[in-house]
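The sequence shown finishes on residue 603 if you use the working numbering, and the numbering steps up by one all the way, no holes.
Calculated directly from the structure, the hints in this document are not laboratory data. Each residue gets a CB set at the ideal place from its N, CA and C atoms; glycine is no exception.
Here are the simulated lysine-lysine pairs, DSSO-like style, with alpha carbons at most 27 Å apart: (1) Lys285 with Lys354; (2) Lys517 with Lys354; (3) Lys209 with Lys97; (4) Lys354 with Lys340; (5) Lys212 with Lys97; (6) Lys517 with Lys212; (7) Lys340 with Lys285; (8) Lys347 with Lys285.
What follows is a list of derived Cβ distance ranges for each label pair: (9) Asp590 with Ser507: 24 to 34 Å; (10) Ala510 with Gly600: 34 to 44 Å; (11) Ser507 with Arg448: 22 to 32 Å; (12) Asp576 with Glu547: 16 to 26 Å; (13) Lys347 with Gly483: 23 to 33 Å; (14) Glu547 with Arg448: 43 to 53 Å; (15) Lys97 with Glu219: 17 to 27 Å; (16) Tyr329 with Ser507: 48 to 58 Å; (17) His305 with Ser104: 36 to 46 Å; (18) Asp588 with Leu529: 13 to 23 Å; (19) Asp588 with Glu531: 12 to 22 Å.
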Amino acid sequence: MGTADPTTGATSRTWWQRLNAATAGRIHHTEVEPLVREHLRWHPRAGVDTLRRAYAVAHHLHDGQRRKSGEPYISHPLAVALILAETGVDTATLVAALLHDTVEDTPYTVGQLRAQFGDEVAIMVDGVTKLDRSMYGADAAGETFRKMVLAASADLRVLLIKLADRLHNLRTLAFQPPHKQRKIAAATREALIPFAERLGVYALKRELEDLCFAYLEPEAYEATVNAIAEARSRDRAELDGVVRRLRDVLSEFRIKNDVIVRDRHPYSVHTTRGGHLEGLDSFGVSRIIVTVPRDSRDCYIALGAVHSAWKPLPARLKDFIAVPKYNLYRALHTTVVNNSGRVFEVIVCTAEEYRVSEYGLIAHVADATSDDGRRAVTRRADLEWLQRLLSWQGQVSADELLQGVRTDLVPDSMVTFTREGDLVTLPRGATALDFAYALSPELGDRYMGAQVDGRLVPAATRLRDGQTVEILTSEDSSASASWLTVVKTGPARSGITQRLAEQQAERDASQGRAEIRERLRTAGYSLLELEGTGVATSVARRLGYADLEGLYTAANSGDIDPGNLVTELVGSVR
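Could you build the full structure based on these sequences and the hints that come with them?
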């Protein structure tokens, strides 16, 4: 939604004078102060004058605009900034959040924003600005997504702003018509929640999932919420007893600790139990989290304390400290049984690891003290999936890019390794061919076989968590159409399709050249000589082809009559 730019007369001068006053910080608004206080809670030395100035500019630019709820539009960017402030992001991110809709919905330009707030903020705002549907038509959504991914390669905070923006839109989705509610919720579940998962921003991901669940499956959502509430009230006393016992045992082992009981959110309960809510108890809707101050070694001692109190289920023990998850989530997970037969999960991690488990990338960005440090976060090992996405996004259409993201960034992913120990994240069900193309298109094209944990395996073999894969290659690069039935990931499908098209073009050019060579031989000429003297290249360019391969391909396909082409070649010689 936008406002007309007043471009004539006193109205224009007044408009720009007010904008300049806001930019200079001469206009103050009390409603921004909760945001300022929250930011200072995380960053006591932050320069908040820029924050107040950004709000004044956004307030002025959005003046007169309303949301579907009837509220002033400025309430939206302020809410987005507050969501991010509660996670501890830096000042520049909050400034960009306040201004994130100004370029799209007002006369404000990226150039003006850059001049007034700097390159850092301008890159983030431009990254989340939608492309004009009148220019891109039906591809606008996909191309906007591509633009956002490219912007994230320069600054991952673009994705954080987009996640917070969508979260607030979902919180206020009740004011949209039902068909739009479902459309926005479905798009969020398919394309944005996977990013939240990969970035490890679980504090936002949980609420995004629940809001989408409520709009896409309202009956299941209501049933799950009611079952959770009933389970919490029914046997909460027993859960409280378990927590007291846990604290006592940890004290006996002299482990400083903080025990947190965090309720599982409705969508997690729904998916974990497959929609079956019978027998749900407070242990099934809660997660018991033990945090120790600093040392990961204390986590293992705390795990021993838990196992001394209750019988563990060995098959359910997961060590994400020794082998972190694909987003570098680190913790120990154990499932135990108490004397009354209750089964429950206990998670053990350090306080810092718990912070990262909640805020993921935000924690790493916040810890980076310089622009170079924040850019270095983009190149972290746990973000190799983003580098792969960037490497192939330019080779596919907008629809193919979105489809690839839906496949490749699903939450149910696994971690595999190269022989050198480099981490490669793949969706479950991926094969050695997917692994090869994840490393590079050239390696995939030259695929000849693979060794998994030292054993030769067929191309269709599905990989498992933690396996080490070595790709065997041949000298030539020759993809097979049957590979498309084996692979699961977007980069692999894109690479194979592109290589198959190149191979077909090579065959077409070879067949076209053979026919022209034979016709010239019959006429007493050598094609090899015409190519060597440059005659053939000259004819190709005169007919509008950049090279001989294009010319011969056209002759084979019938775009150029082979007889007429021979006449052209012979005429050029004469």
